[in-house]
Amino acid sequence: MTNIENKTNHWCELVTSEFILPTIKTCVTINESLSNLDDQTIINEWIDRSIAITNCSYYLLSSMTISQKRILTIVQSILLLILFLPFIFELSLTIIQYYMTDYQLSNDDHEALEKFTKFFLVKAAQIIVQSRLGEKKTTKSKPVYSGSEWFHLSIKDIPEVTVNAKKCLGDAQHLLINPPHSPFCVEISLRTPDGDTITLETWCISFDDSIFDPAQRVRFNVYNRMSVVLRSLVACTRATPTYQLSRKQSADKYIICYKMYSGEPIVSHLGEHYSKKTIGSIVTPIGRFVLNVAYRTCLTMSSPQMDSGTSSAMTQFGMDIRDDHFSLDRNQHSVEEDSDAQLPSAHNSSVPKSSPIEVTKRRHTSCDSVSSSHGTPDKFYYSKLRAAFATPGTTAHPSHMSSYTRTNDNDLPFVLMMQQQENTHQQQHLMEQDQPQEQNSKNNFFLGGDSENETAPDDFILVEVKPFFGKSDSTDDLALFIRSCQQPPMLESFVVEPSLGETINQLNEELRIFESKVEEFDQLVSILDMNYKASSDAAE
Amino acid sequence: MNARSQTFEFAVEGRQIDEVVSCMFHTILFHRCVGKYHTNGEDSYSVGTLGYTDVDCDYIDFTYLQVTSQELQRAVAEKINQFHDKLRSSDSNRSGQITLEFYQKKKSRWMFKPEEIPWEIWTIKIEQMQLSSENERQFMREKLSDSLTERIFQITEIINKPDYVPKPPHLSELDLVFDTSYTDIQPYLFKIHFSDSPTIVNHVKTMIKEAFNTSL
Numbered sequence: 001m002t003n004i005e006n007k008t009n010h011w012c013e014l015v016t017s018e019f020i021l022p023t024i025k026t027c028v029t030i031n032e033s034l035s036n037l038d039d040q041t042i043i044n045e046w047i048d049r050s051i052a053i054t055n056c057s058y059y060l061l062s063s064m065t066i067s068q069k070r071i072l073t074i075v076q077s078i079l080l081l082i083l084f085l086p087f088i089f090e091l092s093l094t095i096i097q098y099y100m101t102d103y104q105l106s107n108d109d110h111e112a113l114e115k116f117t118k119f120f121l122v123k124a125a126q127i128i129v130q131s132r133l134g135e136k137k138t139t140k141s142k143p144v145y146s147g148s149e150w151f152h153l154s155i156k157d158i159p160e161v162t163v164n165a166k167k168c169l170g171d172a173q174h175l176l177i178n179p180p181h182s183p184f185c186v187e188i189s190l191r192t193p194d195g196d197t198i199t200l201e202t203w204c205i206s207f208d209d210s211i212f213d214p215a216q217r218v219r220f221n222v223y224n225r226m227s228v229v230l231r232s233l234v235a236c237t238r239a240t241p242t243y244q245l246s247r248k249q250s251a252d253k254y255i256i257c258y259k260m261y262s263g264e265p266i267v268s269h270l271g272e273h274y275s276k277k278t279i280g281s282i283v284t285p286i287g288r289f290v291l292n293v294a295y296r297t298c299l300t301m302s303s304p305q306m307d308s309g310t311s312s313a314m315t316q317f318g319m320d321i322r323d324d325h326f327s328l329d330r331n332q333h334s335v336e337e338d339s340d341a342q343l344p345s346a347h348n349s350s351v352p353k354s355s356p357i358e359v360t361k362r363r364h365t366s367c368d369s370v371s372s373s374h375g376t377p378d379k380f381y382y383s384k385l386r387a388a389f390a391t392p393g394t395t396a397h398p399s400h401m402s403s404y405t406r407t408n409d410n411d412l413p414f415v416l417m418m419q420q421q422e423n424t425h426q427q428q429h430l431m432e433q434d435q436p437q438e439q440n441s442k443n444n445f446f447l448g449g450d451s452e453n454e455t456a457p458d459d460f461i462l463v464e465v466k467p468f469f470g471k472s473d474s475t476d477d478l479a480l481f482i483r484s485c486q487q488p489p490m491l492e493s494f495v496v497e498p499s500l501g502e503t504i505n506q507l508n509e510e511l512r513i514f515e516s517k518v519e520e521f522d523q524l525v526s527i528l529d530m531n532y533k534a535s536s537d538a539a540e
Numbered sequence: 001m002n003a004r005s006q007t008f009e010f011a012v013e014g015r016q017i018d019e020v021v022s023c024m025f026h027t028i029l030f031h032r033c034v035g036k037y038h039t040n041g042e043d044s045y046s047v048g049t050l051g052y053t054d055v056d057c058d059y060i061d062f063t064y065l066q067v068t069s070q071e072l073q074r075a076v077a078e079k080i081n082q083f084h085d086k087l088r089s090s091d092s093n094r095s096g097q098i099t100l101e102f103y104q105k106k107k108s109r110w111m112f113k114p115e116e117i118p119w120e121i122w123t124i125k126i127e128q129m130q131l132s133s134e135n136e137r138q139f140m141r142e143k144l145s146d147s148l149t150e151r152i153f154q155i156t157e158i159i160n161k162p163d164y165v166p167k168p169p170h171l172s173e174l175d176l177v178f179d180t181s182y183t184d185i186q187p188y189l190f191k192i193h194f195s196d197s198p199t200i201v202n203h204v205k206t207m208i209k210e211a212f213n214t215s216l
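These protein sequences, in sequence, are chains A and B. Take the first sequence: its letters are residues 1 to 540, numbered as in the UniProt record's numbering. Take the second sequence: its letters are residues 1 to 216, numbered as in the UniProt record's numbering.
Calculated from the structure, these hints are not laboratory results. Only true hints are included.
For lysine to aspartate or glutamate, the following EDC-like pairs were computed, each having C-alpha atoms within a straight-line distance of at most 16 angstroms: (1) A:Lys140 <-> B:Glu71; (2) A:Lys140 <-> A:Asp157; (3) A:Lys277 <-> B:Glu150; (4) A:Lys253 <-> A:Asp196; (5) A:Lys156 <-> B:Asp54; (6) A:Lys142 <-> B:Glu71; (7) A:Lys137 <-> B:Asp54; (8) A:Lys136 <-> B:Asp61.
These numbers were taken from a predicted model, which means no experiment stands behind them.
So here's chain A without its partners, still in its complex pose:
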């Protein structure tokens, strides 16, 4: 180690990677062992040992003075620092970022982000619910911004949905971007008239604060990204199989309901092979929004009348139910509301009940179904059947009747007829006629009478009890008489049907008679004319 002498110093040669890395190792080992000695010795020893370990020029040792060795040490440490400076810098920055996330956004920006988030969630809910209403949508493009549209998209707001969404989101404490970042979910389900419900889709907007990008400007980048994601959402709501199902919904088959909640999305009742897709994500300075959907792919229900579809299983349920029963039920809700799309929903804070989505036109369809039902005798007889078997004084009738009471009379004359029917039955305990009674009610139906007709007509005829399908003993004189009075008399031509030849002969005969009596007819006309003239003169 000390054998070399009088060689010139080559400082630059010292600074090699071979020199520096082992030097660090040496520093560590030396500091542990030489703690008791004074500084001078330590440094000297240290330098000597480093040089020995490294493959650098051994001529350093003898030619160097102490000051030179010190300088060497200092230069070494400076170089090390320079080498590792970027790394240290990055490390400190990451640590700062990790702990100081909330403070990165200015108050202004934070408020703006909160506002955008709120509107984003409400608009997303609007889009989802509106797409499941079952009708085609068209909105206008406006070249000039009118100040009320958010995200440069023309989305009309259904007030009820906005109210529900705002209730669900609660106050700012529970907003998505603030902890605990509970996701906002909209669930779409299908409800059959029997009350069976199956969940079809769950749309979920979640916030993840581990991925963020401070470079995104809230007012520009984030806003535009939200606009694009909303557009993707609109496109995707039309793409899932539920859309086709919702277009075919109607009061007598099934209806689509929605439900909003805050919390982890519930996907367990989407069936086995549900499909999950991400629609888009928005990175903000404090976290990332992710919008995804999980939808059911196998739509089989345990109903015998249903025909199962293909692998993607888009099925239709054709269930036969009484038109009037279900539609009346539906209409009871929709009558009181004035809003454009009927969306009655009951809703409590934690898990709101499902709400059916209806449209005004549903009222008309139910009307049609009811009006058609009066034409079919089956429905008629069904209600009659119930009435026939009811014992007098039972409460079955009134309670059933009350479910049919309506504020708007004009829609369902069938109901009025039913009401009248019940009334008359109630008044006269055992007064039931089968056919004559039906005729009576039918006529009342066509009259479309007054609704508050509580009392029975005075000229009601007392007749013996005859069960509906009992002895069809129509030979009873009175029954016959009534029947003949009720109905208009049969036209003779329906009873006696002459053949074509006979008819022609008859006509010929008649013509001859008329021709022969032409004079008489002329006389009649002139008398009538004179009478008319006389009466008009008298009037003047």
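Please arrange chain B on chain A, whose structure you already have, making use of the hints.
The following block gives chain B in isolation, referenced to the frame of chain A:
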């Protein structure tokens, strides 16, 4: 410049060509459109609103979305009809492709034409099928709606990736990025072109064209 490109393939019946291509193109255009810029004074502008319309398909069980703009619908429909006619009229070619290309114009130097640099290319390859039985037709129809669903999700996934989209330029240079010829909307500059089944000659032609463009 590297344009990212995406290709979708479909095997459809003749009458479904129009609807499949419209569905894809309109969905893409809906995302690559902004509201009409309206200048208020020097440097500030306001952005108009986009509306959308549902369109039901007659020959497929599908409904797609398009931007509510007569002019845009007409322009796109025209091109698609031309493609449709070309494909159905030629008996030999059972397949063809149609491309929707978004490009950017570069400022022209001296007297040269402004360069058009594509930044996104969407290609749809169509292959015509001949179906024999009604059952087969029904089956293929359902499969087509499923595949369209998948494609729509793919499109949204691609568009939502943080890839290059031309930055909104200065108001004076809007024409270089946006198509300002429409009155109610402002899509990014785009063009639609199509070709019949690609033969060797076409391939070579396109290759030479591309090489020429990129080398300039």
